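Asker: Each chain is listed here by its residues.
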Amino acid sequence: MLENVTLHIRRGEFVGIVGPSGSGKTSLLRAITGSLAAARGSVEVTRGTRIGYVPQVESVDWNFPITVGEVLAMTRTRRHWPRTTRSERAEMKEVLEGLGLHGLDGRHIRELSGGQQQRVFVARAMFGKPDILILDEPTSGVDVRTRHEILHLLRDLHSKGSTILLTTHDLNGLASHLPRLVCLNREVIADGSPRETLIPEVLERTYGAPLHVLEHGGMPIVLDHDYTSSEVLRDTERQMRSERETRQ
Amino acid sequence: MTIALDLLAPYDFAFFQRGMVAATLAGALCGVLGVFVVLRGMSYIGHGLSHAVFGGAAASAVMSINFFVGAGIWGIISGVLIGRIARRKIIGADAAIGIVTTASFAGGIALLNRYGQARKSIEAVLFGSVLGVSWVDIAAILAVSLAVGAIVLFAYRAFLFATFDPQVAIVSGERVATIEVILMVMLSITILVTMRVIGTLLISALLVIPAATARMITNSFSRMLMLSPMIGAMCCLVGMNLSYHLDTSAGATIILVAAVVFTATYLLAGRRARLRVASLHHL
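As given, the protein sequences belong to chains A and B, one line each in that order.
Numbering-wise, the first sequence is residues 9 to 256 according to my numbering.
Numbering-wise, the second sequence is residues 41 to 323 according to my numbering.
For reference, chain B alone in the conformation it holds in the complex (with noise of 0.2 angstroms):
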């Protein structure tokens, strides 16, 4: 009983309800996502473009702008580019994100050194904070949620298409460019919105680690797809809760229990599970 009562003891907080919902949404979200991001060899795209946000996220807090504005607006332009810098294979594409990436990144912590209310700031953005997570936030991050699941089950066959074969996609007519720009938007919108509650420097791992632990269990593409996000809220809403009980931060905590789901995974499942992670690519 006691055990019972003290396991739900940091639901009598407000902010942890809230921080709680977002989180679970932000894993659902982060997971449907992954998939596209493993399976497409992006994750060190979704690591860098969560480095451009962030940039994005200092300036238009310096400049007194709103954050979904200011860094929504930044984040779909370096993504809609990183797509495009990858999407030509020109040479040394990855240093290229890697540059502008991360020179975006540290303007953004000179801009916030000089001009913000550093320290507390910056922390909260990196790292994430439960306790900064409004009912705004969590409205943005449903209104994503919602665009993003209806987008993708709505041209469902025609991402399917781009990703696992867009040389015929292309010759079968189907705009493979235009369904890589949508990607990208989505990519940056969800890391904007997500950024708050995981923080910049974990956001990627959320993108990665549920998609790869869902490959090892399926073969099948619409499989992978239910199970990714139900993997991902389900680490953010154990993550969440063993933060309060640990003491540690949200975003750090959720990452490690994905971390050790994906370890558990991989540990139980077969030699053959194995090697579908192992075939991913960029992982």
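Chain A with its partners taken away, still in its complex shape (with noise of 0.2 angstroms):
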């Protein structure tokens, strides 16, 4: 399913990987995690690495009978008891203040925002004190709001220095602002930053699809095909143009 990968991720690492789906992205996480063994090839993971994994929301049984402080308990294993530790309530307490969700343990996870809920399964990777952070699609069913929420509560924990992996589909509300991104069909077919890898030519090689990159405030932006021969996309580019006209 994947052939020629090679990707080290380094401590303090942000990195998100882009594909069509069936590219093998889940693949690779799964053998990153351990639930799927390479069958040639390694996977190397720093003995003793901890790894705190985050599902895509809508995987998440929102019906199940659980308040958000027993989301985040159910990690800390090695302890038995239903009960929480003093301790365990105070790292608690202090995981929930840090991601904005402080004073919500006791409540139904059904009952929080969408931002909230998506936060809740952050804040219950964190609580275990992971080494690496992987999220599966953090944006995928989400709105607008929610995703910029996510996207502002990924940078701030990257720069209190967590390491991230993420995948997603979303390549410009999340991918084009992470530092580094692997786009991925079967392979990498490129690996660096977005300005680097989110090029119509690294892109038609990901997705099979000609696709067109506008650059905004520095930023590269991502255009479908269909959208691309829209009236409105013209007209940008007819308003890009008369703008650097006007410049010059």
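Don't read these hints as lab results, they were simulated from the structure.
What you are looking at is a predicted structure, and each value in this text was computed from that prediction instead of being measured.
Hints are supplied without guarantee of correctness; some may be wrong.
[Claimed, not checked] Covered by chain B, according to a simulated footprint, are these stretches of chain A (three or more residues, beta-carbon under 8 angstroms): (1) 37-49; (2) 73-80.
[To be verified] Covered stretches of chain B, going by a simulated chain A footprint (3 or more residues, C-beta under 8 angstroms): (3) 137-151; (4) 204-211.
Think of the CB as a built atom: it goes at the ideal place given N, C-alpha and C, for glycine as much as any other residue.
Reassemble the complex: the two chains are provided individually, in unrelated frames, and hints are given to aid placement.
Answerer: Printed below as a string of structure tokens:
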């Protein structure tokens, strides 16, 4: 399924994996987390690395009878009993506060906003004191506001020293904001900054379809083919040209 | 005064006292495991497993092997197998489970017809027999209750993690497969020891109804785990007493009481509580 994948993720990096459906993003994540064995080659994870895994919001059973506090506590399975210790409660409070979820530990997960729901699972991963945070499609199925919240949160965690690896479909909303991107389609097509990877040649090889890239405020914006043929794009391009001419 | 005396009348009989203790314990035990059965969407597995255990019980009766040993081994083997089939999500897992367990059930009936003192023992196992509850049965239910309670408490977080989010639990290094095997073994043994009180045909209801009722009342897993056995025990207690006064089968009366409690909770609870039950899978 996946071939020619050579990837080094160092401590403190913030890496996004992009690629079409079936490109092997999830398989790569599963290989890294150890739930899928590589047929050839190897995945080397520094001994004792703790992985904090944040599942897709869509895969969570929101009707399960569980409160925010219970979601966090379940990861600490080394302590067996249901009741949390005083030190655990203090840590829980710290993690929840850090993620803006203060005072919500007794709430059912369904009673939270979209952004809070995603953050609860980031909080659960953080509560396990991970060395690397792995997020599977953190912005799929969330609204624009929640997407902003998640992006801010991840940037914040990264600036505080967390190592983060995520997969995403969202090229403009999320991928273009990350420091390093890996374009995947059965193999690694490109690996580098968004300016190096979000370019038409790479994207065409990754997605198998021509994609246009515009620039806005120094950031690449990817437009798909259908959209590029529309009036909107022509208008935008015309506008950009006139802006450039005005500046000259 | 007369009414009070009348209500206490059945307690004069030793068989009733034994039945009462056995049923209340069975209700609490099924209530605890029912939480996992309901939340994992395994109610059809509980149903199938009770049928499978029946086959084992019949075979051990015919071969003069101790009931607990014969049916226990058979129950555990089928429980683990069913768990595996269900886990792998092979196409038609439901059908495969259905075929295996009903075949075991049919085999049990055929065996009892051919070799056993058929009618009486079939009825006792199918519908439960309070009269037949011995102190050995009570000791067995008590031992299983204590073991299940200790396991669920001691591995509480791992059980919760594996039930709520198995994929992430695996990534986090939890032995989810082992937890599932333990759960199926506990379920098989529970069905085995409570079968004589409630009966094969109704045991799955006692696994589902108290837990589903508890789900309507609370949104917290730990509270559901406390409420469900309490509801189960209470339904058995009330059901047993009613069955004496109404002269009806204990198993059937217990399940009817549970159904009434469920319906009353459903009607009294708000719309949101009803939605919680609607969201349970395969109920």
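Asker: For each hint, tell me whether it holds in the structure or not.
Answerer: Evaluated hints:
| no. | hint | verdict |
| --- | --- | --- |
| 1 | 37-49 | holds (count 3) |
| 2 | 73-80 | holds (count 5) |
| 3 | 137-151 | violated (count 0) |
| 4 | 204-211 | holds (count 6) |
The structure fails to meet hint 3 from the earlier list, while all remaining hints are met.
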